[in-house]
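Peer 1: Required output: the full structure, derived from the provided sequences and hints.
Number of protein chains: 4
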Amino acid sequence: METQLSVIEDKPREACGVFAVYGHPEAAKLTFFGLFALQHRGQESAGIAASDGCMVRAHKGMGLASEVFGEENLARLPGNLAIGHVRYSTTGSSTLSNAQPFLVHHGEEYYALGHNGNLINAQSLRRELEDSGSIFQSTMDSEVIVHLMAPHLKKGIEPALKAALKRVQGAYSIVMLTRNSVIAFRDPRGFRPLSLGRLNDGWVVASETCAFDLVGAQYLRDVQPGEIVIINEVGLHSLKPFPRVPHSHCIFELIYFARPDSQVFGQNVYLCRKRFGHALAREYSPDVDFVMPFPDSGNYAALGYSEESGFPFEMGMIRNHYVGRTFIQPTQPMRDFAVRVKLNPVKPLMAGKKILIIEDSIIRGTTSRNRVRYLRENGAKAIHMAISCPPTRFPCPYGIDFSAKGELLAAQKGIEEEIARFIGLDSIHYLSLEGLVRSTGVNQEAFCLACYTGKYPLQPPGEIQKLCFE
Amino acid sequence: METQLSVIEDKPREACGVFAVYGHPEAAKLTFFGLFALQHRGQESAGIAASDGCMVRAHKGMGLASEVFGEENLARLPGNLAIGHVRYSTTGSSTLSNAQPFLVHHGEEYYALGHNGNLINAQSLRRELEDSGSIFQSTMDSEVIVHLMAPHLKKGIEPALKAALKRVQGAYSIVMLTRNSVIAFRDPRGFRPLSLGRLNDGWVVASETCAFDLVGAQYLRDVQPGEIVIINEVGLHSLKPFPRVPHSHCIFELIYFARPDSQVFGQNVYLCRKRFGHALAREYSPDVDFVMPFPDSGNYAALGYSEESGFPFEMGMIRNHYVGRTFIQPTQPMRDFAVRVKLNPVKPLMAGKKILIIEDSIIRGTTSRNRVRYLRENGAKAIHMAISCPPTRFPCPYGIDFSAKGELLAAQKGIEEEIARFIGLDSIHYLSLEGLVRSTGVNQEAFCLACYTGKYPLQPPGEIQKLCFE
Amino acid sequence: METQLSVIEDKPREACGVFAVYGHPEAAKLTFFGLFALQHRGQESAGIAASDGCMVRAHKGMGLASEVFGEENLARLPGNLAIGHVRYSTTGSSTLSNAQPFLVHHGEEYYALGHNGNLINAQSLRRELEDSGSIFQSTMDSEVIVHLMAPHLKKGIEPALKAALKRVQGAYSIVMLTRNSVIAFRDPRGFRPLSLGRLNDGWVVASETCAFDLVGAQYLRDVQPGEIVIINEVGLHSLKPFPRVPHSHCIFELIYFARPDSQVFGQNVYLCRKRFGHALAREYSPDVDFVMPFPDSGNYAALGYSEESGFPFEMGMIRNHYVGRTFIQPTQPMRDFAVRVKLNPVKPLMAGKKILIIEDSIIRGTTSRNRVRYLRENGAKAIHMAISCPPTRFPCPYGIDFSAKGELLAAQKGIEEEIARFIGLDSIHYLSLEGLVRSTGVNQEAFCLACYTGKYPLQPPGEIQKLCFE
Amino acid sequence: METQLSVIEDKPREACGVFAVYGHPEAAKLTFFGLFALQHRGQESAGIAASDGCMVRAHKGMGLASEVFGEENLARLPGNLAIGHVRYSTTGSSTLSNAQPFLVHHGEEYYALGHNGNLINAQSLRRELEDSGSIFQSTMDSEVIVHLMAPHLKKGIEPALKAALKRVQGAYSIVMLTRNSVIAFRDPRGFRPLSLGRLNDGWVVASETCAFDLVGAQYLRDVQPGEIVIINEVGLHSLKPFPRVPHSHCIFELIYFARPDSQVFGQNVYLCRKRFGHALAREYSPDVDFVMPFPDSGNYAALGYSEESGFPFEMGMIRNHYVGRTFIQPTQPMRDFAVRVKLNPVKPLMAGKKILIIEDSIIRGTTSRNRVRYLRENGAKAIHMAISCPPTRFPCPYGIDFSAKGELLAAQKGIEEEIARFIGLDSIHYLSLEGLVRSTGVNQEAFCLACYTGKYPLQPPGEIQKLCFE
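Protein chains in written order, with UniProt numbering: chain A, 1 to 470; chain B, 1 to 470; chain C, 1 to 470; chain D, 1 to 470.
No lab work stands behind these hints, which were simulated from the structure alone. Do not rely on the hints blindly, as some may be mistaken.
To be verified - Restraint ranges, calculated between C-beta atoms of paired labels, are given here:
#, chain 1, residue 1, chain 2, residue 2, range
1, C, Arg-438, D, Met-62, 22 to 30 Å
2, B, Gly-70, D, Ser-97, 56 to 64 Å
3, C, Asp-52, D, Gly-352, 42 to 50 Å
4, B, Asn-443, A, Ser-285, 54 to 62 Å
5, C, Asp-52, B, Gly-70, 35 to 43 Å
6, C, Ala-75, D, His-321, 38 to 46 Å
7, D, Glu-283, A, Asp-52, 52 to 60 Å
8, D, Gly-235, C, His-321, 46 to 54 Å
9, B, Glu-128, C, Glu-158, 21 to 29 Å
10, D, Gly-61, A, His-237, 53 to 61 Å
11, A, His-237, B, Glu-418, 38 to 46 Å
12, C, Asp-52, D, Gly-61, 35 to 43 Å
Note that CB positions come from ideal geometry on N, CA and C, so glycine has one too.
Peer 2: Quick look at the structure:
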């Protein structure tokens, strides 16, 4: 009816978050809280499927988990097992039929599935399946997994799952629910995170550990790349049906996506981002009065920069906590409205000052440009900017929507001077790839850095490839 | 139907915010954005009344301004003049009939009114008016003003307003709308803020200047205590019908209520709060590894403390940005849920550390107690707390809902050791009254400090008085 | 948002229905069912006020009673006493603030009021009250009664009510609720019906007796014209403070408004309408193959006509039972859509036939014109029409919205030939005034026949008078 | 949230209605009106799919068509081709995922399908398809048709459809939509009706002709049993791929389901029902004062009975036109509430009278029993009842939900005296099978009479069979 006010952050958008629980009397409600803690990973739709051992029921809807779920519909999802999903669409169009968990009733069994990531060969698999008579319900890449499993299900879920996963390629951290089991599995390269925890006698699985904290669960270990974990009445059973390949953890989880209170790929995100700030401070040191983030994205790198550099840290942009749910279009003379409505500067703090802004990423640059102009109108004498990652130059086929290459600011501009001029900065600095990786304290080979380097660990399909290298 | 999840901040609740505009073709929409910037002053209901010179129309509803208003109902409020109101009830019960603006059609004229503050003699005036035949629509104290005006309206609005204000006592910053005029007035002591600005050829009035920033207006001056400002086709006309009395600005606006990017009572709120932090650092210096706020309330005092003390500043409590609109009750074993759902600590940061938390106020102390326990469970070695104001010991009859005296933690406990023990702290320190006032840079006489001192600038009615002094 | 599809019946619209109950543990719910049975008297808004002896609570909304009320909001209206109201606006604009019951809290007492009828001197009383300082909440004529009572309420409700009713003129059948009493009163001429019944040890009051049938109450007697009935813990108390005047029952209640299963003004409506049909048959006898109503308005007069004349009775227009709640505008080529969507003829029944249609009233005639054309297109050879009342030539100031005189078809056309030509009939006949009155079996003086004769029992205010006699 | 008030008519419930249009610029809106006219065939859900030649879009929801559709969502269904469906579930559970049209995207084409009827071998086909790897979206029997088509679609829709229909058995009147064609087909026995009409240059298909009247289309002919009609840019193309078998038109369409203004199986329903009344009068003639229907079901048979017998016809039960959408549970003492809320007798008409009630069917008899008792309490001296069909003794596997055999009153009781005693009648008479069939003027062999005779034209699956013959 109304279209949302475009206070779009100039940020890549995460695909999804998943959560699962085995062995809790209010599994659906617990899953709701898990999704609540993972809400930052997807705000487009939310869904939960729960099993009472006999029947699997699902409810999903467009919007935030707290908008989709209430006491009443949670009460209609009884049982000790549940999985949940929050989504921002990277593949498939943005409709309810593409919301997850995806639930089918087949034979005498139910299969519900929630997926974080992106399969790179889904289109060709789908064409093949349709040609042999399969009818698809959605346009989601995840649906092919179920269709690939179907002909093998009579042999059991384990062989069916192995048969299906042998065919798919790409990034997937998936939770699956049947009448009596929760299954969690992760692609052999481990693009997206997936963690395993305990809650009393039960088990929980989540995209990020912050979800464990909210529900009071203990983090145990990560579901390993290439591992299939099956949890049922006989306990937890682990399979590793794939040959071992190098890992390709998405470094953007550490830079931007994951919540700072999560442990991801063995790292504490907050501390890691502070180290990105330290590295930035060592690489770049303009003459400024203070350093500040555009909240909340650059908060922790800015703290780290301040710590390392000694420049004071200020929180001079004040956030309107009620933004984000307004649908009113601004009146004509309200220039920079989308910028102002979210963040307003503390004017006396800016007047006559030289400022260093720390950001964690810039994609299109237009929001930054408006903010920088607004700060100058409020008296800032000089404005510099440091980005806590290298320029993003290549699109991601593994589940992150940077938009196509043509729109990527860094890809477009190429050199820092031009970018600074476009945004209206006195100078800009991107953290070096070396600085980035070294800050993680982990071997560079553990990460997928394709969005910076163009070196794709899995060959993307033709169309994306063309965008990348031409 | 459902009751909101009790993630109640342990904070006093502000009464209201008001906004008015004269001379803008989309006056109602502009007012909406004004309310949007003032939303922190009241989330219970929102309303707008607009005049097209001929008819005054109003729309109001329970909830946030962005929930109450859409393009469609704004389009039904045409005209160049409008007033708006966001409310948290301090008097009158929490129902739509108590939402403002309060609109009446009387004689051939309309009168709409939006009120921030609290009248202390409203009950006795109401009884008197009812005895002489008046019928009240609401239980709001503000309604008496209109009834007091009614018999005098044949003489004009100015004499009617003077006659009415002569009778009322208490705190009021009010915007009023008729067919062709916007009127703004403030009680002689100036308890609550009210500012005047220009927008092109028109005028705007707002509780706080942050609303001017959003709509692109220029701050001109404050509506002065005891001043009536009438804006109509002949321009702005100022009356000062009251004898001059000392001012009694509510210091809690600076400590907690106002947005940090506002100028209130001639002060920049952000810088003022940082100075409270400086003062705290001079008064209190426990042995700690770092200082951190519970976001977002203590942010600026914490920054000031860090600056003055040299202790590192950390942002170790991560906020869930999606909280506040969830209605699901936690499952049984989720201890401290209300605490965890809002803020989650960065565990590796806490482990083995001595922490100083900066807060801007504590009323009941139970939320703080749970948070402190949760931090200790996550490994904090010592936890100290500093509050950027003195202990609140007395209730406020001028429009702030601290709840009755019996519940005020400071009033109840009396001594800091006991409070520290109750919350589970190693030590606690409240900013001294002297330190507080000196930080403002203004003469102490300019403020109402009754909630700390019990010295009420206007004698409150018997019942409140009893609560205070017994 | 959307405007209702204009399947407007060519009918006058009734003002209101009222219901009250004293002494039933679920008084509000019982009132809901009373309103449900009276729904035909007003579909614009519905409301209920209930008292638990201590507090009076009200809920009202736009729409049908079944849309406004659910188990939940009824549960929030506890108590043994309640009144209810369904409304179609004749005075005051069509907004929620004009919905009834009208509830005020005054002194320590509550007063809720539901009104059927129309006061003819409300405007001048309102002006007078406003001049002396009263503030009105609504634009309803009924509100003046409460304001007229207010200055006398200290003396008790009985003297206050007498003082107020001495001032008002017009039609009123009113139910009133206080903490501990239900009061029902009717104007001295008894324009509108009002009946009294018993339900176990309690009492019920309703506009029509069909409401008693639904709730299982026994009809006792009518509240008499000019009577005030006060029901409280000491029982039922009757006052007749007015000098006796001739009665002026609205004959249109018998012709059209009341439900056929009600007893109104001492008449059974179904049997009365059949007698109108008998009288029609005696006055008018065209050569036809069968007689049929346009359902449901002419059903009973058509049955009576068939019975008296011997012509077969058919039900050849089929009603769509789902009409009335559609908001979709027809596509361009859908001629006569508003007609067809409600009633569709049985084509083979019409082909080559001579038809007599019986109607209970025609106001503007356009719907009838379209229906008649549609029947001819389906093969009807001749179409005659008989109306079970005389031509409506004068507007009604006592609570019926015939629309102003200029639009009344009969007033406009004057002679039956012209009306027949306008509608496309072979002939038309209106029941004579004499035939109408004689069918009731009651003395002509008992009725208000002003809409046919222009002889107003109470002088209407100037403006309406002008419309009538010029 | 709330459960609907159980004013359940004691009637079998129809499965569905379908509508299709080819060649109208507002195809979706026209379809909406078609569904509106077919609403009596299903009130549980409504849906429309439309094609603009490039994309097929669908919208469906639970509730009436007028609740599911508004201008806005119709505007999102552009195109010249559309199909629509209203449903009352006979197979599959009552959820949105079982609402129709059922839409799939397969290969590069879309297939949408709306089904009236019931497939008797759907379960075994489904099991077979799942075993070979098909994934089903819904529990509707109709879905198997699409899956059966899928492997053949590369050869074109015509061969695919033929291949699929060769496998299914049962009752189906189906409309199908692709990007550029509308397809309508009916099972070889023609259980359910399906008609074809013209609208200007375009085509319409509907379950009943009353839908043509509303949209202004001309009835052309029925889609014949066993016929597949394909409408696309080259015009209308008819296939008859099945060997000819005897017809089995559901006689219950004439007795109860179809609207009286429809032509069904070559009959005008209104006139046919009157003839059932004539036949009843010839078979049964108790001593009564008048005959009356329980509106609206027995209206036309009652008219016929009166015509043939000479007994007067009365409409003595008054219907509340606002019933059917209330969710409030009655208060405790409201006996027979479900009966009273819908129909209230005209008491003076009943007192001391002998009454013959005409009904079109009784299934469980409890509603009738309550109504009869209520009439006696209102003074009826004798009450007889005539039913315009034979006793229903056998369940229907072809799309009518009589409920299982155990609940069928006639099956249970067996002899008329017992039924009369159960309902509280002085006597009851069911129309004889012979009288029924002869009234249609058609050869008995043309109808399915299985619910009366137990002779199933198509062998139902085992479970139903068992219910029938044991």
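Peer 1: Lying within 22 to 30 Å: is that true of the beta-carbon distance Arg-438 of chain C to Met-62 of chain D?
Peer 2: 54 Å, violated
Peer 1: If I claimed the Cβ atoms of Ala-75 of chain C and His-321 of chain D lie 38 to 46 Å apart, would that claim hold in this structure?
Peer 2: The hint (38 to 46 Å, Cβ to Cβ) is violated, given that Ala-75 of chain C and His-321 of chain D are roughly 27 Å apart.
Peer 1: Starting from the hint 53 to 61 Å, judge whether the C-beta atoms of Gly-61 of chain D and His-237 of chain A obey it.
Peer 2: 43 Å, violated
Peer 1: Verify the CB-CB distance for Asp-52 of chain C and Gly-352 of chain D against the hinted window 42 to 50 Å.
Peer 2: 44 Å Cβ-Cβ, so the 42 to 50 Å window holds.
Peer 1: Is the gap between the beta carbons of Asn-443 of chain B and Ser-285 of chain A within 54 to 62 Å?
Peer 2: 44 Å, violated
Peer 1: Taking 56 to 64 Å as the stated bounds, is the beta-carbon spacing between Gly-70 of chain B and Ser-97 of chain D within them?
Peer 2: Violated: the Cβ-Cβ distance is about 31 Å, outside 56 to 64 Å.
Peer 1: The hint says 35 to 43 Å between Asp-52 of chain C and Gly-61 of chain D; measuring C-beta to C-beta, is that right?
Peer 2: 40 Å, holds
Peer 1: Glu-128 of chain B and Glu-158 of chain C, beta-carbon distance inside 21 to 29 Å?
Peer 2: Holds: the Cβ-Cβ distance is about 25 Å, inside 21 to 29 Å.
Peer 1: Quick check on a hinted range of 52 to 60 Å for Glu-283 of chain D and Asp-52 of chain A, using CB atoms only.
Peer 2: 55 Å, holds
Peer 1: Return holds or violated for the Cβ distance of His-237 of chain A and Glu-418 of chain B against the range 38 to 46 Å.
Peer 2: Hint violated: Cβ distance 54 Å, outside 38 to 46 Å.
Peer 1: Is it true that Gly-235 of chain D and His-321 of chain C lie within 46 to 54 Å of each other by Cβ?
Peer 2: 37 Å, violated
Peer 1: Given a hint of 35 to 43 Å, does the C-beta separation of Asp-52 of chain C and Gly-70 of chain B actually sit inside it?
Peer 2: 37 Å, holds
Going through the hint list in order, the structure does not satisfy hints 1, 2, 4, 6, 8, 10 and 11.
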